[in-house]
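**Student:** Here are the chains, one letter per residue:
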Amino acid sequence: MSLLALADIWKRFGATVALAGAGFTLKAGEVHALVGANGAGKSTLSRVISGQLQPDQGSIVLDGRAVRFAGAREAIRAGIAMVTQETSLAPDLSVLENIMLPRLGMPGRLDWGAMRHEARRLITQLGAEAGIAIGMRVRDLAVGQRQIVEILKALALDSRIIIFDEPSAPLSPHETERLFDIIRNLAATGHGLVFVSHRLEEIFALSDRVTVLREGRVAADGVPTRDLTQGELIRLMVGRELSDIYARAEKRASTSMGPPVLRVSHLSAPPRVRDVSFTVHAGEILGLAGLVGAGRSETLETIFGLRPARSGTIELDGKPFAHVSPRQAIRAGIGLIPEDRRTQGAVPDFSVRENLMLAHLGAHRGAGLAYRLRDAAVRRLLALLGLPEQRLLDANLLTFSGGMQQKVILARWLILSPRLLLLDEPTRGVDIATRSSIYALLRRIAADGVACVVVSSDFEEVIGLADRIVVLSDGVDVTNIPAALVDIEKLGMFAAPRSSAERTHTVLEGLAARHGGMAFWIGIEGGRVFCFDRVGTASAADPGFSGGGFPEIAATRIPEALARRAAGFVTEPGSGLATLLVPVRGRGGHDLGMVGLTLAGPEGAPDGAALARAIAADLETEAAREAA
Amino acid sequence: MRESVEVRPGAPARRALPAHLLHLLATQIELRMLLLIVVVMAVLSRISPYFLTANNLLNVMDQSVIAGMVALGQTLVILIGGIDLSVGSLTGVSAIMLGLAFPKLGVPVAVLICLASGAALGLVNGVIITYGRIAPFVVTLGMMSIGRSMAYVLSGASSIGNIPDSLAALTADSVFGIPLDFLCLIVAYAIAWFFLTFAKGGRTLYAIGSNREAARIAGLSINLWSIAAYVIAGLMSAVAAVFLTSKILSIDPIGGAGEELDSIAAVVIGGASLFGGRGSIIGTLAGVFIMVFIRNGLNLLNVSPYWQGTAIGSIIIAAVLVERLLSSGRGRA
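If you read the protein sequences in the order shown, they are chains A and B.
Mind the numbering: the first sequence is residues 1 to 628 in our numbering, read in order.
Mind the numbering: the second sequence is residues 1 to 333 in our numbering, read in order.
If you are wondering where the hints come from, they were derived from the structure by calculation, not from laboratory data.
Please read these numbers as outputs of a predicted model, since none were measured by experiment.
For glycine and all other residues, C-beta sits at the position ideal for the given N, C-alpha and C.
There's no promise every hint is true.
As the list claims (entries may be wrong) - Some, not all, of what chain A presents toward chain B, calculated at C-beta under 7 Å:
1. PRO91
2. ASP92
3. LEU93
Said to hold, decoys possible - Chain B stretches covered by chain A per the calculated footprint, using a threshold of three residues with CB under 8 Å from any CB of chain A:
4. 198-210
5. 218-232
With the hints as constraints, model all of the structure from the sequences given.
**Tutor:** Shown next, in the form of C-alpha cells:
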C-alpha cells in the first residue's frame, strides 16, 4: 500500500500554470526520485506535499485517508518534513537547539537532559557521528553537516516522509556520498523518501523509482529506476534530445575564435577567490563551473568591480583594467547578469521599460534620462527575444514569469552592446522553453563576437553551453578544459573542494613520501587521462601530467600503464618508469577514478599487489578518520 | 486586478468607463489624492460655511508652506528607503544660525548661512548612514537630539527678535493675490516633480529604494544620491526655517519641533512606502494639504485641539491600509 498518494494536482500562479494534473505516489521504504527540467513543477509539487502550498484542485491521500494541509505545520504534524538547499536552520543556535526547535515553541517546561539524550540517539541512529557535536553552533558547521542537522530535525519530529530538494547541489562528492548513505539507511528503516534532483547520475545511484514531471504534468509515473537508461530519462524530462536545447549545432570551432577580450591572472579577492586565472576570447562562451562556495560568483563580481581585488591583474583587450566601480566596468563594455534575479536584478517598482533602461541609466553621462537614444535598440531586442512590445513596456515586471523577467534583465545589458558579458546562473528559475531560447540567444551573441563567461551549478548546462570550461575549487582554478572533452562525472571530481578531497590527498602524500616518485588521482576516459590531483617532487618520476591536466594517454610518459591498467606495477618499455594504478570506489560502489604511483625505475619498487591493498586500506582508514 | 495582467499588443485594452476609472484610480496615486482632497474639501465646506472663503483659503496656504517644504525633503529620503527624524531640529538650529547672522552680515548672507548649515548637517546624516552603514533611524534620531541641543546652546536658550522687514516680506507679500511663500512652495514642488520624473538622479532615488543591489550593479551612483537625499532634506529644513522666521517674526530654539513626524505623516498619507521605491511628490503635497485642511476644519468646528492628534493619526493609518489593499494586487505585498 502506498504511504502517500497525490492525484490530479493543479496549481496556478497568476497567469502561469505550474501543475496541470500532476500526481505522485510514495511507498514506505523507498527512495522515490522526483525529476524534471527547471520549471517542470517539481519544486511546486514538493511544496504541495510538504504543505507549504495548497493546490487549487486535487487529492492528497496519506495512509489511506484524504488530507488537506493548511500549512507546513500541519504537514509536519502528519509526519512530512522537507530538507531544502537553503537550510531553514537558526545559525546562532546550537545543533541541539536546532534539532529540538519545534519543541521550543510548545508549552511547558523543557527537559534539556531528555532532549540531549534524544538528539544523541538520533545521531547514532543516523550513523552521522561525523564531527557533529550537539553543543556546536550551526554557524560553525559545513554545508553538508547543516543538512544532516536538518535531517535530524525532521527525525526528531517522527517524520515518516522526508523530501530532499536538490540536497547535493552544494556538496562535494564525498559529502554527497555520506548523505546518500544516510538516505539509504532511512529507507531501510521504513521511511518514505522523496528525492528531488536533476542530476541524472545521482538519480540512478540512489533512487528505486522515478516520477518525471514535464510542464506540470506527469511524463513518467513511478517507473522503476533500473528499467530506465539515462537517454530515456532525458527524453522524458525535456521531450526531445538534449542537444537541441543547447543549440550545439551552432557551436563554433575553437579555431575561428577572436582575439582575447578578458585575461584574468592570479586574481585574489578573499575570502572566496584565492588564485584564479583564465582568458576569454571574442566569440567564445567560457563556462565557470564548480560547487556552491567555490568562488565563481565572487570572481565575476570582482571583475565587474563589485568587490575589491587584493592582488592579481585583469586585462581587457590587452590593456590593464583596474577599475573600482561597476559603472567603469559598464562603460568599458562589460555587463553582469547577477545570480539572484529578485534581489540583484529586478526593480519591482519600475515598469518593464525602466527595467530595460537601468544599465543605460548607469552608463549614461548626462543628467537627463535619454531613453529615446535606445528606442531603436529596444525594438530590435524585443523582436529578437520574442517579447511583445507596446503594452509590455508599461507593465510591471513582476507580473511576468521568471523566464520572461530573465529575458528582460538580459536585454537590459544587450541594449548597451557589451563586448564582455558575465552571466551568473542565467537560467535559474527559468522554464525549459525559455531556457532553450536563452541558450540560442547566448550562442547568437557569441557569434556576433561578444565574449561570454557563464557561471552555472548545473554541470550538464555548462557542458552543453560552453566552448571551454574553467573549474574552480576553493577559490582556485583547477583546470581549463574544452567542453567537448569532459563529462559530468569528471567535472564533479575536478570541482571537489581541496578540503574534502583531502582524504585522497593525504593518501597521495603518504605514497609520495614513502616511496619517492609521484602519486596522483586520475580518471581515464576516451583515451585521455584527467588528473584531479598530483603530489610529489621527484621530476624523474613525472608521469607526464599534473593536477588539472587532461592529456591523451599517448602523450603522457606512462602510456603503457594507463592503457593496460594491470594489477601490479607496469614498467614503460622506453623510459623504464614503473607505475601502479589502484581503482577508487565510493561507498556506493561507484567509480571515483584511480589512485596511482609512478617511480623513476622498476628497481626497488615494492610488491605491487601488497601496495595496492595497502592503498585501498589507506583510503578506507582516511575515510574512517574523517568520519570520526 | 486579474485584468491588468493581460498583455495585448497594439491598442490599449478597452474597458467600460467605470472600470477604466477604477483602474486609473488604482494605479495613479496622484488621481487618488486629488479625489481625496476634493472629498475632504466638500465635507468641510458643508460643515462650515467659512471654510471656502478666500480668507480661510489664504490661511490654509499659509499653514501649508513650512510643513510642505520639510515634507519635500522627507519624500526624497523615504523614497530611498530611509527616514529623517532630524528635520525638525535642523529647522530649529538653522533658524538660530539665521538669527545670529543677520544683525552683523545682513539678510542675504544670513539666509545663505542658514541654508548652508541645514545642508551641512544633512550631509553629516547622509555620510554616516551611507558609509557607516548605520540605520537611518538611529543616525537621524541622534542628529535630532544634537540639532535641538545646538539650537539651545547657540541661542543661549532665548528668543531672537527684531526680524528685518526684508525677511518679513517673504510671507507678507503676494503676487496676483497668491502669497509669495505659497508660490515658492509650488515652484519647489514643480522642480522636485521634474527632477524625480525626468532626471537621472530622480530615477536613481526610486531605483535605490526599490532594489538597491540592482541599481548598484547597473552602475547607478547609489552612494552619491543616497547622501544627496539627506542633504536636500537638511536644506529644505533650513528653507522652512527661513519661512518660519519670516512668518512669526521671532526665532525660538524650539522652532520646527514636531515637523519630523508631520512630514513623515504627509509623505505616508501621500502614498509613499516606508520601504522605499514607491511614492510621489504630488502625493506628498496632497498629504500636506489634507493634514492642513483637517487641522483647519477642526479649528473652524471649534473641536478641542487635543482631538486633532486622533484625527491625523487615524488618517495616517487609514491611508496606509488603503495603500496596502491596493498594492497587494500588484505582486509586491
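**Student:** If a hint holds in the structure, say so; if it does not, say that too.
**Tutor:** Quick rundown of the hints versus the structure:
1. PRO91: With a minimum Cβ separation of about 21 Å from chain B (threshold 7 Å), the hint on A/PRO91 is violated.
2. ASP92: Where the cut-off is 7 Å and the nearest Cβ of chain B is about 20 Å from A/ASP92, the hint is violated.
3. LEU93: 25 Å, violated
4. 198-210: The restraint on the region 198-210 of chain B holds, since 10 of its residues have a Cβ under 8 Å from chain A and three suffice.
5. 218-232: holds (count 4)
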